[in-house]
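Got chain G; can you put chains D and H on it based on the hints?
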Amino acid sequence: MTPDLDRRDRLALAWRDPPGWWGFLTTVDHKRIAARYIVTAVLLLFLAGLLALDMRWQLSWAENTRMGPQLYNESFSLHGSTMLFLVSVPAMEAMALWLVPLMLGQRNMAFPRLGAFSYWLYLGGVLTLWVAHALDVTPDLGWFEYPPLSGPTYAPGHRADIWAQMITFTEVAALCASVNVVATILKMRPPGMTLARMPVFLWAMLVASLMTILSMPAIMLVTSMLIADRLVSTHFFAPAAHGDVLLFQHLFWFFGHPEVYIIFIPATGFVSSIVETFARRRLFGHHVLVLAILAIGCLAFGLWVHHMFAVGLPRLGNDFYTAASMAIAVPAGLQIFCWIATIATGRTWLATPMLWVLGFVATFVLGGLSGVMTASAALDLQLTDSYFVVAHFHYVLVGGAMFPLFGAFCYWYPKATGRLMSERWGRVAFALIVGGFNLGFAPMHLLGLMGMPRRVYTYPAGMGWDALNQVATLGSAIAVAGGLVFVANALLSYSRGAPAGANPWGAPTLEWAGDSPSPPWNLAYTPVVDSLTPLWDSPVLRVMDGVALERREVVVTSVVDAAPLYRQKSASPSIWPFVAALAVTAMFLGSIFTPWAIAAGALPIAAALTGWFWPQRERATTGPLRVRS
Amino acid sequence: MKARLLAVCPLLHGCGGVQSALDPGGDQARALFSLFALMMWVSGVVYVVVAGALSWALWRAWRYRGADSRADGGMTLRIDRRLAQLLPLAAGAIILGLTVLITASFFADRALFATRASPALEVRVTGHQWWWRIQYRDPVSYGWVETANELHLPQGQTVRLVLGAADVIHSFWVPNVAGKLDMIPGRTNLLDVTARRLGWYRGQCAEFCGTQHAHMALAVKVESPAAFRAWLAAQRAPATPAAGRGAAVFQVACAACHAIRGAGAAGRAGPDLTHVAARRSLAAGTLTMTRGNLQGWIAQPQAIKPGTSMPQIPLTPADADAVATYLATLR
Amino acid sequence: MRTQRGFVAARFAVALLLAGCQREARDIGPSLPQTSPRGAADPRIGYYQDNVYQIAQGGRYFSWYGCAACHGEDALGVRDLGDGRWRYGGSFNQVFASIVRRHGSLDYATRVPPEQLWQLAAYVRDLPQHTPEKRRRLSVDQVGEPQGQHWSGPVR
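Chains as they are written, first to last, in my numbering: chain G, 1050 to 1678; chain D, 894 to 1224; chain H, 91 to 246.
Treat the hints as calculated values from the structure; they're not laboratory data. Careful, some of the hints might be misleading.
To be verified - If you want the footprint, here are the derived chain H segments under chain G, 3+ residues with CB under 8 Å: (1) 136–149; (2) 154–168.
What the hints assert, rightly or not - To be clear about the criterion: a stretch of chain D counts as covered by chain G if any three or more of its residues have a C-beta under 8 Å from a C-beta of chain G, and this derived list gives those stretches: (3) 1087–1100; (4) 1140–1147; (5) 1204–1211.
Said to hold, decoys possible - Non-contacting residues of chain D with respect to chain H, defined by C-beta distances greater than 12 Å in every case (computed): (6) Gly909; (7) Arg923; (8) Ala1004; (9) Arg1017; (10) Arg1080; (11) Ala1170.
Just so you know, these numbers come straight off a predicted model, no measurement behind them. For each residue, glycine too, the CB sits at the ideal point set by N, CA and C.
Chain G on its own, in the form it takes in the complex (with noise of 0.2 Å):
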């Protein structure tokens, strides 16, 4: 249905953002949100790969002394707290924010404003870290500073506050997404779009965001009980007073391990969506593939303890959590067997988000395998705290999330900018990043069995370990070159690419159906879907109309059956998001400090909330919905 011009100049009046600076500050598109969400993700990418060379390139010779202790440590610590804080769940927060509304044909998420707050937020994190890095007060305890070596005795000063305090401020932002995408995707759906005719896309992003919504607390508490211990000296974790030091491994863990399934079951939903372009036929096994989302997301609450198998928990309750940990390779497994029978039957198209594919299934598997080993609790004894087991996060982190992300910016990159990128390019960089990829973390499976610690600056001469540690520096440097040209391409292309139609890959879902790149208003009718692959099955889009076009408006709909419910007004662009995540910084900043920051941050996040939802006068409804094809 193409719209017509009054219709499209209404709808751009409507959904316009505020000009300049102001409009930077009080947008709640959450397209313009999830840029931004990316391009810091990104950044810290980069920076925490710097962080990386910097850590090869110490350990690339035996008792190398470039590098001290304290800037080694810091160096680990600050690279896994990025990545994995910063860097990975904010960029699928952010791949769900962009998408979630496009491909449910909706104007906008279900909280505007929310998503728009859950940035700045995020940012705060990133400026916490960052700064407080800039500032030579780099927390140096790992990503996961167990106390007691971070509690108050071993780790004085703020450095762990700072850590801990990065982690409220992230998980906060979390929380908001997460809960701004659920209620999307339950209650937004286009009419006609049932549970059963929702893309596994959709699927993914659910489940991963309800995991958030359930494990994020485990960490906030944690971390607040840290604080708790350092700065008004409760004996959480102080053995010696009826504390337990296992209590904060327990709990982070509950976290720690959900948290990496978050990251990585919105790859499976890239995955999913990009074999089915480009494999040119419906997924096959849909229903398994949901189904195995769904239960990765519930085994992965009852793994933690795999991560603590040397603590010397009592060994039948091990056992439960080898099998647990080994059965989640079950569902993983189905979802690898559909990808390629998807790939096998259809007339697939390499093009460089299908290649990105390929390396995702050659890479994981590998991680998956030697997760198998590493969940076995008795051979954990000799691979955990290796570089054995380093090698198998980066290689499930890396290969299982990082890869599906790359390839799902190069398939959504015309939507978004109306560009394609060089396709050409797009393969050199691939070639280099898989490749170097591998080449540097494959040693590492070898230097863990040959008994090379983590969060070593160095080591003695004569163990052998050099010669693996210098390929290991190579591979890493040809992944960031290749990371470069990616970068590059993607730059380079926002301006010199070739222009790409509405759905320059032929792909079947809705997100496809409107403009590239996606207006502020997304699309100009309300699609109605009755099948999983709407773009495929009908030449033209049947769509619904009654929507608001003079105001912003989006349609909620039933959870189960996507039935149309009522229009519901969405938020016009507000600087109370800002303001509020202004004070809400103040408050975790300030509780570094004292723990009276927290009463006198209550004051201004209470004037900043009345602001926000200071009521506005309700507008007279236009009309009934009415079905036009």
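Same frame as chain G, but now just chains D and H:
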């Protein structure tokens, strides 16, 4: 099996080594190595199958690249029905493979703890930042014989390591002999090790414990039971009281933290030095034990192991020389 | 005018921040001359007294040199170092002098290296700022640490 595995690493002088899980020299490490070998085989098969399936899928994609609308409704339905029959097979294969591995892991785990029921020689190992305090039960007086940073094990006998921590979490790991176990403040963990092959091994702390986690290593010697008893007897014997300049300087400058049994030095804050010169390494595996290194370590500990708790003691060159000479006599 | 004021404010804020961060600096190994403090205004005093790492190190040596035996948590009277009352003066050089000269045969002047004496003086002068809860919390963490010639075993 081991030879085939070692053949995989051509660049090095073997995947074996003094700190290698691939070169088991003890019962526990051997059980884990067998489990690892089984897992490598299973993983190898799985990876070949997946890579093969993917390659086949790509081959089909290449072969049918010109075909138009191969995936039309009816044909897709037939293909999907056949694939749907393969799905339970795939699930079954995965479940079968995992069951094999879970069972093998269970039995390996039991093997690691099989010796727990029987009595064994107890050795207390306590992790400090960044050194190991090792205490043997004195069979004669039932007191404790204390040494540091070097563990001797009798060949063929099970030794029960009683692992504790004095400050933060550490982890005891000697890959050639057994898996690792954490040393956690507030917990006492027991690790049974049964060393089989004579020789020297190296262990290292495997839980990040602060600035010098990288230099918290342990020398382990596996010797015949007779040699072990002789060593323990030698360790039990106090040092002969010395009357030289070195001993006098030691008493003033070092005895606050270090102990030399028999010579009147009783500090517990640092490693016991009663038989320091008989050890193979210095500063928890950072330096080889030589007279020169002893003097160098005393003179410039922060330069060798930055952040170490060993203070920089201001000694005149003559005094430093004397102390190093004295310590070198403590065999 | 407005931009100039903004500039000055920014520079002031940065300076404040940087000053605050010297507290957290982690310089490893003695880097300053190893002599006693020269009066209460010795410029080296700030390097130790205003640095959390140096104070914490002082706390560890406090236990390792056995000071806690007399000056522990439950010390009373003149031995209580946390009460803020200094018999021989509370400036840095006075506290330093108390450690080296007023412990008789314990002779810390020769038995404890200068760097550690500086750290101990900084730690001791920091103690009065701790609440009793904080002091208790720090001592609870250190039950497994050796205290001079005594070690009661690992933390159990």
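When the hints from earlier in the document are held up against this structure, which numbers fail?
Structure breaks hints 2, 4, 5, 9, 10.
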